[in-house]
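Peer 1: Next come the chains, spelled out residue by residue.
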Amino acid sequence: MYILFKRFFIPVLAIFGLILSLTLSHDDEVVVSLAPESTLEITPIFERYEFGEGNTPAMHSMTSVTLPNGNLLGAWYGGTGEGKPDVKLFTSVFDSQRLSWSQPVAILDRYQASDQLNRFIKKLGNPVLYRHPSGVTLLFYVTVSIGGWATSNINVMTSLDDGQTWHRSKRLVNTPFLNISTLIKNDVITYEDGTFGLPVYHELIGEFSHIIRLDLAGNVLDSYRITDGDNTIQPSLMVYDDKTVVAMIRDSGRDIEKVHRNISYDSGVTWEEYQPTDVDNPNSAVFAFVDNNNRSWMLFNDSNRQRERPRNNLALAVSYDKGETWKVVKYLENPEKEDSHEGRYGYPWVTKQGDIFHVMYTWDRLKFIHLRFNQAWLETLL
Amino acid sequence: MITLFAMFSSALIFMAICFGLLQVKRWGKYWPIAYVCAAVALVLPINNWIMIEFVRGFFSDISITTLFLVVCYLYNTIKPNSIQVQPSLKWFVLALGVFMFPMTMGATMFDPFAMGYTANPAYNYLVVTLAGIALIAWFFSHPHLALVIALALVANGVGLLESENLWSYLIDPVAVIICIFSFIFAGINKALRLRKSTEF
Numbered sequence: 001m002y003i004l005f006k007r008f009f010i011p012v013l014a015i016f017g018l019i020l021s022l023t024l025s026h027d028d029e030v031v032v033s034l035a036p037e038s039t040l041e042i043t044p045i046f047e048r049y050e051f052g053e054g055n056t057p058a059m060h061s062m063t064s065v066t067l068p069n070g071n072l073l074g075a076w077y078g079g080t081g082e083g084k085p086d087v088k089l090f091t092s093v094f095d096s097q098r099l100s101w102s103q104p105v106a107i108l109d110r111y112q113a114s115d116q117l118n119r120f121i122k123k124l125g126n127p128v129l130y131r132h133p134s135g136v137t138l139l140f141y142v143t144v145s146i147g148g149w150a151t152s153n154i155n156v157m158t159s160l161d162d163g164q165t166w167h168r169s170k171r172l173v174n175t176p177f178l179n180i181s182t183l184i185k186n187d188v189i190t191y192e193d194g195t196f197g198l199p200v201y202h203e204l205i206g207e208f209s210h211i212i213r214l215d216l217a218g219n220v221l222d223s224y225r226i227t228d229g230d231n232t233i234q235p236s237l238m239v240y241d242d243k244t245v246v247a248m249i250r251d252s253g254r255d256i257e258k259v260h261r262n263i264s265y266d267s268g269v270t271w272e273e274y275q276p277t278d279v280d281n282p283n284s285a286v287f288a289f290v291d292n293n294n295r296s297w298m299l300f301n302d303s304n305r306q307r308e309r310p311r312n313n314l315a316l317a318v319s320y321d322k323g324e325t326w327k328v329v330k331y332l333e334n335p336e337k338e339d340s341h342e343g344r345y346g347y348p349w350v351t352k353q354g355d356i357f358h359v360m361y362t363w364d365r366l367k368f369i370h371l372r373f374n375q376a377w378l379e380t381l382l
Numbered sequence: 383m384i385t386l387f388a389m390f391s392s393a394l395i396f397m398a399i400c401f402g403l404l405q406v407k408r409w410g411k412y413w414p415i416a417y418v419c420a421a422v423a424l425v426l427p428i429n430n431w432i433m434i435e436f437v438r439g440f441f442s443d444i445s446i447t448t449l450f451l452v453v454c455y456l457y458n459t460i461k462p463n464s465i466q467v468q469p470s471l472k473w474f475v476l477a478l479g480v481f482m483f484p485m486t487m488g489a490t491m492f493d494p495f496a497m498g499y500t501a502n503p504a505y506n507y508l509v510v511t512l513a514g515i516a517l518i519a520w521f522f523s524h525p526h527l528a529l530v531i532a533l534a535l536v537a538n539g540v541g542l543l544e545s546e547n548l549w550s551y552l553i554d555p556v557a558v559i560i561c562i563f564s565f566i567f568a569g570i571n572k573a574l575r576l577r578k579s580t581e582f
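So the protein lines, in turn, are chains Z and R.
When the letters of the first sequence are read in order and numbered with my numbering, they come out as residues 1 to 382.
When the letters of the second sequence are read in order and numbered with my numbering, they come out as residues 383 to 582.
Honestly, I wouldn't trust all of these hints.
Computed spacing ranges between beta-carbons, pair by pair [what the hints assert, rightly or not]: (1) R/L574 / Z/L22: 46 to 56 Å; (2) R/A504 / Z/A217: 21 to 31 Å; (3) R/S464 / Z/K243: 57 to 67 Å; (4) Z/D86 / R/N458: 42 to 52 Å; (5) Z/R307 / R/I562: 44 to 54 Å; (6) R/I465 / Z/R168: 31 to 41 Å; (7) Z/R168 / R/N429: 17 to 27 Å; (8) Z/L160 / R/I432: 27 to 37 Å; (9) Z/D242 / R/F565: 45 to 55 Å; (10) R/N458 / Z/L4: 27 to 37 Å; (11) Z/I15 / R/I570: 33 to 43 Å.
Quick caveat, the hints were computed from the structure, so don't treat them as lab data.
Even glycine gets a Cβ: it sits at the ideal position worked out from N, Cα and C.
Just chain Z, same shape as in the assembly (with noise of 0.2 Å):
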């Protein structure tokens, strides 16, 4: 018997882990689920909010997502610079009635992520909320254990009060070279079988878009190339409909130094390939969003790497053939777009909430600017 189990022992371990292996397999179909169609007000809105001054010397890359009473949850990180160990991440709740924000708390520092991860941690940056059709929050954020940014990992932890509360950080894997070199910055999609996409870019070596699939529980199911390693990265995805993604991504060359667009007909799944735009993009982030009439909007940096100060406006572009041609219709910094402009305007986000857009972005890393319109204030740009 013993050398029965001795000569079998292996084959036996082989179709067990096969057995085991196959149970966990999935086989959905990608669907991108819509946002529900909203009520438009006929009069314009248009309210600009400054906030977060002074709550840490510098702070950047604001993310928001909707609470069920209408406010708005916001996070970013915080401390005396960009990397820096004392950087911890924040959160603040918009309150839609009083039109304010309040007092930013934080809710995670490196310390914290370490005990949470069971690892070294060495900084924190990027986090991205996304709030779940179920009702749970998650929020997604970057860390480092070694190097710079081009070593960064993304983890992600929960919530299920709204963001009062979290729980503990949960670390997911998305390349084999030790886990190395994924980030976070703009937008996830939902799937109509409950599965989201995180849109994550890869910047050790090649530095690419792609997707990665994930359920509640924070698992990666799968993930989906939107471009290869030609600096392409931070990808902002716009949905069309039920199968049509749009991603715009930033430039991080010195060659062509124009936002890069890419289209899949298969919610996000398989992309086409992908094209340089018209749109100069000096290595900054940009954000695209579809507003209620299926028009393409984007927020970026309208200059290139050879100004002085290139990320020292703030455009907003308008697009009606899903992206392959923009069109600046508002300046929302620096309207002349003078070269001399001081100043620094970067890493836009938007939350649509229903007819009312909230963008946000960071001023001079000192602050953030949250701008509140609706529809019909877009319709006067056109």
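Given chain Z, put chain R in place with the hints provided.
Peer 2: For chain R alone, coordinates are given in the frame of chain Z:
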């Protein structure tokens, strides 16, 4: 369980590094001293962390293949030349590394790592192929390769690592580096032996 296993793996890899740096193979019967030193160093506090947390931070969770190679190395330091890792396993790891790493770094639009995720259409084929390779390897007397693949499949099935990707159980850069160095050292030893034999 995931954390415990990861900490155990990190401890083993730290010990292997310590044993390699200290040349414990030459210590003979005094190897337990090195073992105690490495075990103490593992829990040494540095600022707010202990050494093992740094190891996990730097290496992330290592694959079953690396774990197997590290265990073999540690066992050989205690009982020299008792386990000779079969070249078939090393070639398999190198071939996977050459195939996998350039593409996962963005060399092409095709991402082989995605095939290891459970919702990927290629996942079932990958599992069956690997199990087939394990059975063929076993049939043709390559038990190390067969055992590593079988263990990786089981570990993936029970979710022993924090990764949900089957490839994470099979390959990581540490395994590739170990295999490269193993071939280099084997080549050097062979050359030295050849030189000695021609001298006589």
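Peer 1: Each hint needs a verdict: does it hold in this structure or not?
Peer 2: Okay, the hints, checked on the actual structure:
1. R/L574 / Z/L22: 46 to 56 Å: Since R/L574 and Z/L22 have Cβ atoms about 48 Å apart, the given range 46 to 56 Å holds.
2. R/A504 / Z/A217: 21 to 31 Å: 23 Å, holds
3. R/S464 / Z/K243: 57 to 67 Å: The hinted range 57 to 67 Å holds for R/S464 and Z/K243, with Cβ atoms some 59 Å apart.
4. Z/D86 / R/N458: 42 to 52 Å: Distance hint for Z/D86, R/N458 holds at roughly 45 Å.
5. Z/R307 / R/I562: 44 to 54 Å: 46 Å, holds
6. R/I465 / Z/R168: 31 to 41 Å: 38 Å, holds
7. Z/R168 / R/N429: 17 to 27 Å: 22 Å, holds
8. Z/L160 / R/I432: 27 to 37 Å: 32 Å, holds
9. Z/D242 / R/F565: 45 to 55 Å: 51 Å, holds
10. R/N458 / Z/L4: 27 to 37 Å: Holds, since R/N458 and Z/L4 (Cβ atoms, about 29 Å apart) stay within the stated range.
11. Z/I15 / R/I570: 33 to 43 Å: The hint (33 to 43 Å, Cβ to Cβ) holds, given that Z/I15 and R/I570 are roughly 40 Å apart.
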